[in-house]
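S.K.: What follows is the residue order along each chain.
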Amino acid sequence: MSEATISRPRWRDWFSSHPETLSLLALLILCGAMLLVSDRFFTLENLSNVARQVSTNAIIATGMTIVILTGGIDLSVGSVMALSMTFSAGSMLAGAPAWLGLVIGLGTGIAMGAINGVLIAYARLPAIIVTLATMEIPRGLALFYTGGYPQSGLPESFAWIGRGSALGVQMPIVIMGAVFVAAYVLLTYFPVGRYLYGLGGNEEAVRLSGVRIERFKLLAYTLSGLTAAISGLVLSSRLMSGQPNAGIGFELDAIAAVVLGGTAITGGRGSIVGTLIGAFTLGVLNNGLNLMGVSPYTQKILKGLIILLAIYVGSFKRTDR
Amino acid sequence: MSEATISRPRWRDWFSSHPETLSLLALLILCGAMLLVSDRFFTLENLSNVARQVSTNAIIATGMTIVILTGGIDLSVGSVMALSMTFSAGSMLAGAPAWLGLVIGLGTGIAMGAINGVLIAYARLPAIIVTLATMEIPRGLALFYTGGYPQSGLPESFAWIGRGSALGVQMPIVIMGAVFVAAYVLLTYFPVGRYLYGLGGNEEAVRLSGVRIERFKLLAYTLSGLTAAISGLVLSSRLMSGQPNAGIGFELDAIAAVVLGGTAITGGRGSIVGTLIGAFTLGVLNNGLNLMGVSPYTQKILKGLIILLAIYVGSFKRTDR
Amino acid sequence: KRAASEGKGGGKARALRIGMSFQELDNPYFAVMKQAFDEAGTSIGAEMFVTDARHDLTKQISDIEDLVQRKVDILLLNPTDSVGVEGAVREAKKAGVVVIAVDAQANGPVDAFVGSKNYDAGFLAGEQLSKVLEGKGEVAILDGIPVVPILERVRGFKAAIAKSPGIKLVDTQNGRQERSVALTVTENMIQSHPDLKGLFSVNDGGALGALSAIEASGKNIALVSVDGLAEVVGAVQKGQVFKATVAQFPRDQVRIALGIGLAKYWGASVPKEIPIDVKLLTAENAKGFAW
Amino acid sequence: MPENLLELRGISKRFSGVVALDSVDLTLQRGRVLALLGENGAGKSTLMKILSGAHRPDGGTIRLDGREVHLRSPDEAQALGINIIHQEFSLVPHLDVVENIFLGRERTGRFGLRAKRIMRQEAQAMLDRLGARIRLDSPVAQLSVAEQQFVEIAKALLRQTRILIMDEPTATLTTDETARLFRLMRDLKASGVAIVFISHHFEEIFAIADDVVCLRDGRVVGEGLVASYSARDLIRLMVGREVNHTYPPKAVGPRRSDGLEIRSLQRKPHLPEVTFTVRAGEVLGIAGLVGSGRTKMVRALIGADRAHRHEVYLRGTRLKISSPADARRAGIGLVPEDRKRQGLILDASAPENILITNLRKVCNPLWRFIDRAAADRISREHLRNLAVKTSSLRQAVRTLSGGNQQKVVIAKWLNADCEILILDEPTRGIDVGAKAEIYRLIRELTARGFAIIMISSELPEVLGLSDCVMVMRRQRVERFFDRGEEVTAENIMAYATGGNHV
Ligand SMILES: Nc1ncnc2c1ncn2[C@@H]1O[C@H](COP(=O)(O)OP(=O)(O)OP(=O)(O)O)[C@@H](O)[C@H]1O
Ligand SMILES: Nc1ncnc2c1ncn2[C@@H]1O[C@H](COP(=O)(O)OP(=O)(O)OP(=O)(O)O)[C@@H](O)[C@H]1O
Ligand SMILES: [Mg+2]
Ligand SMILES: [Mg+2]
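Chains as they are written, first to last, in this note's numbering: chain A, 1 to 321; chain B, 322 to 642; chain C, 643 to 933; chain D, 934 to 1435.
Treat the hints with caution; some may be incorrect.
With a straight-line cut-off of 20 Å between C-alpha atoms, the simulated DMTMM-like cross-links for lysine to aspartate or glutamate are [unchecked claim]:
1. C:K773 / C:D837
2. C:K861 / C:D813
3. D:K1273 / A:E203
4. D:K1253 / D:E1206
5. D:K1229 / D:E1194
6. D:K1229 / D:E1411
7. D:K1273 / A:E204
8. D:K1183 / D:E1391
9. D:K1294 / D:E1314
10. C:K735 / A:E45
11. D:K1253 / B:E535
12. D:K1183 / D:E1377
13. D:K1229 / B:E524
14. C:K713 / A:D39
15. D:K1183 / D:E1370
16. C:K921 / C:E873
17. D:K1273 / B:E525
18. C:K861 / B:E366
19. B:K624 / C:D813
20. C:K713 / A:E45
21. C:K880 / B:E477
22. D:K1273 / B:E524
23. C:K736 / A:E45
24. D:K1322 / D:E1175
25. D:K1229 / B:E525
26. D:K1122 / D:D998
27. C:K759 / C:D919
28. D:K1368 / D:E1391
29. D:K1322 / D:E1370
30. C:K880 / C:E926
31. C:K906 / C:D715
32. C:K810 / C:E780
33. C:K810 / C:D837
34. D:K1201 / D:E1244
35. C:K800 / C:D813
Calculated directly from the structure, the hints in this document are not laboratory data.
Quick caveat, the model's predicted, so the values are computed rather than measured.
Build out the structure end to end from the sequences listed, making use of the hints.
M.R.: Below, the structure is given as structure tokens:
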């Protein structure tokens, strides 16, 4: 029999099994700081305001988390978002009812994600280069389809998902919550979740365990396409228009949220909860710096520094040498 | 009794030891296509034109290759480039002679790269998030320093490195060549090269072999900062002005060049030669599509598709299950 | 900290709060606007807030929301997308903020729009170009970010050259209004159209990239553009390659917008649109012009 | 009469030129254990990977119950009841024990939700039967090699199995752990499962196997009932020559005074100090149960892991070691326990791996660039001296067999000209031929004045090779047998298990 390895201190265990706790700590510290410098930060109004602003990125970041957990990356989210927006808006302007426009938008996202998935899972091409390419293609399609003009004048019935509210909570926040819960349940309570984590941890091991890894890679990218579409539709409903040049650079925000949330960029370790925290960290940052009336140039600098700080705080769990 | 080993077919050997050959194939095919569709493509004038345009990306991509070989990534190149441009331009407008402006620009790049390196190698923070943050900071500094204005009206003596020519070859091309050769020699003929490759192959094994891996990681990012600066200075000499908003999105072009060149995004395998090929592939693509007068929107679509094609051709070496 | 100390709105009359949301700030045209804005604001002792949307509509919406949170009395809005900002405009109005659109029109209940006549700008540039080319020759457009003002300029330019049948539009490429990008794009256009005679850039930033390319190529291509950037004015005076730029008046736009905003804030009823004329600058009249 | 459950006919496989299998035939029968024998690189694992769907054969047929089957993926093989315990573990580092055991075959409840409790119970039960005490919710990354082996075993045993392949499952197990495993295998036999058992330990083969098949260079060179063979026959079969597996003579004559003196090594404040000395020209064997802290201790010694207290002297002078680089400068090298993860750059060639410990040696003294000729010459020497088999100097070490990989790692430290060599489980998973060579090598080195620390979980090896023996238990040095003291397997085990106290 082998000797039991000496049990390491409780809190070490806690952190290594809940990497997001430290991200949460960072977020709380940040909020504390904001509280001190701006009296307006901690008003219910402003907080729901922040939540609404965060939703766009948070929804995309949910799909991004899944992809990154599998050890991949999806740089195409911004363009996919734009394409879904324009297609659904276009269809509605062509007379389609809101629900159909919605379906078309979501369909577009799913299709684009699936294409990424097939190229990565079945053609076994590197994710970063595939999605680098699909960063161009949907954007091109969106611009081509709209001629660069925003698709405006959507039917009022479409306004609800972006501007309406359920039980007093604004829809974007509700939808963000729903997407987040769905992803959490999927990753935590279903076997699929283990496979997705496993892919990032040791792909070959998962394959040898008798899992059809291709399917689950495909799933991951499809979901990422879907969340990009959802985020896009919420946005286009808030704007009541489809934007062919929306979402430029969103992939970086999403990745930042994921990694700030304590998910390993190499995959295998991390959590959806962390990502939500990460997204809020970024949101609070933007909001707070605006409230403080910091000049835009200085904002960039501070934002960078604070991200470094946050990740540094978060990194203490990893110093395990 | 030695292992029964059939001497493997020559070309097999060649490909697996020179992954870039397939990238070269892709490039040649592409050129062939361009030749067919545009009579103007294969004029000496246009080719040197292409080479000049490629230089900006190729120089950055050289440093990026080194970073990626170590298993890292550098997203900050675009901003570092901008900061070097503005600082050197600023100093020259303040009366510094061209050579000093040059030194200041290069120094800025080296310093920024070193900061990345320290944070990644010694503070052991994930490269992608560190450079995501340093994507913001130098950009902010550049804008802060210039107030958003391009720094124009540089001394004529500065024009040479961007507009002059040596032995009938335009300087940007000469410089690209020099950077490229330097990197090639470093990686191929010096111990450093082995360490850098090793880091990407198996960091822990290299560390246990008694190599001070931190130093070489630091080196990699410093070099990346340097190449970003060089590229920036050439550009600002061509524009005769320092642009605080230059280089946005350049990191993606550089990464594309590296990966198209057959370097594994996970590090350990690849080559500088491949990167040059990759950069030219992208350059020929842009140039060719322009020559053909393809509309900007359609260009995005085609560009994406062709990148996919190229990487697909290049991927055949990897299928070995 | 400032925000903390002056935060409480009630009690003694607090300084006027004025916010301006820019679509971008890493471009001299808008940097000048910011300057004018800061000057004007300080001269009336107002508390100023500036945000930069970096051409990201979502960020601009957030910026506006944040400024409303900050309880600004007047909001100068330079929309990155005229339609997209509508929702945010409504929010602002609901919060009782005076909203003035600057440089580009914004949908929704804005109190006034102060901006250049972009169609005219494009048209004037077009006319001048065909004049320089004596009504014949190949021309190309160096396009930019697809937002209404830019699209308007292109529309105006096309309308102008359409009047002289000898002028042939052979190419349109996107220089992203950015100098280094415009440089390569132009180089390629020159390559693909050896007898290109004229080029219209939708803004001066891009035009300067094009200028480098044309000069390097040593070809004789007439360049016209829109904005009136100092550097360009200089080039126009030389009158070799850069034939003309159609000047806008960013400072005046901001000053007038601010004035209108104050008037509205004090209760005046103000005109819905204040179009600012643009001015064609050529070698003759360019001397001494500055924003 | 026993009917054939599975028949492999003419199976061939080549990896980019390397012929791993050359038309191999193999027959499995219900309720029997077949021992698969062969040198490192003979093709055992490859054959089994084909049988378990991980690799696809280049040629040949597989018949299950007389019907031909095509195993296109591990998934399909497992669907047919073919399960394998992999030599290289197929575990996901950040998933916990239970998740790994049931990966791909989760027990699910309502709505297809994971039935956590059920899985925990089943896993616990199986691990108890194996006699492994492992925290079910600790990520396998934090488990020791031995513990990971148990997880790998449990993983295979908890799947519907008609054919069970065990690729060197005992490499890290102690004798009574192995005995327990064998009991389990006998139960499976009784229930009609056909088992393929791969091991380099003959006593195990004689203890458990009914039939034996021997591979050499990818071909079957002998098969039959185990009973009809003696150990010597089998060795001759697999190596193709006589191997004298008597251990080379130990150090004799006057002891040298110089060596490495560990006055005080303490990994963490709450852990005991370790103190010992190893002299030049001698082998210090470190015995202990897996998990007793040997690897961790030496890792701390060379600065690979942080040490709370580190007071080490070489020839009377204190060594400042805070990183493996310091250790290398001081002339100390570690051949790590886990070749693939810690010892080798798998995609690099043997020369690249060997030279990396000391590239200066092959550099042009003036310009400091690598002198290709010198590099090739020197690495050739090393490869020749250690009789490493490679098809070419450029072959990636990934494709070398275990024994050859191990030799490459040792060559690294010979190239670094170190004088103190630490070998952690140097013969794990290595065939008798290669073992004998490594034993001989170790003695050559001591003869050249090396001081050698050898961690091993194989008692015979420790006894046969060491001049001094140190026994560790619970991170503590339990007993140090100096040269000349009488050491037996019994009293080593006594100290290793704490049996000496009762
Ligand atoms: N993935 C691979 N790529 C290339 N060659 C391989 C690969 N796997 C195995 N080989 C080669 O195939 C041959 C057989 O290897 P295999 O692992 O089957 O031997 P083995 O009998 O299992 O050795 P060991 O006893 O060390 O486990 C060896 O020469 C090895 O170098
Ligand atoms: N909790 C842990 N976290 C990280 N690595 C570990 C942990 N436990 C063990 N390891 C590593 O796993 C390898 C083997 O673990 P193991 O427990 O067998 O080491 P050990 O306690 O020294 O046992 P042995 O005495 O058999 O070497 C060593 O490299 C050790 O550093
Ligand atoms: Mg094997
Ligand atoms: Mg060990």
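S.K.: Need the list of violated hint numbers for this structure, in ascending order.
M.R.: none
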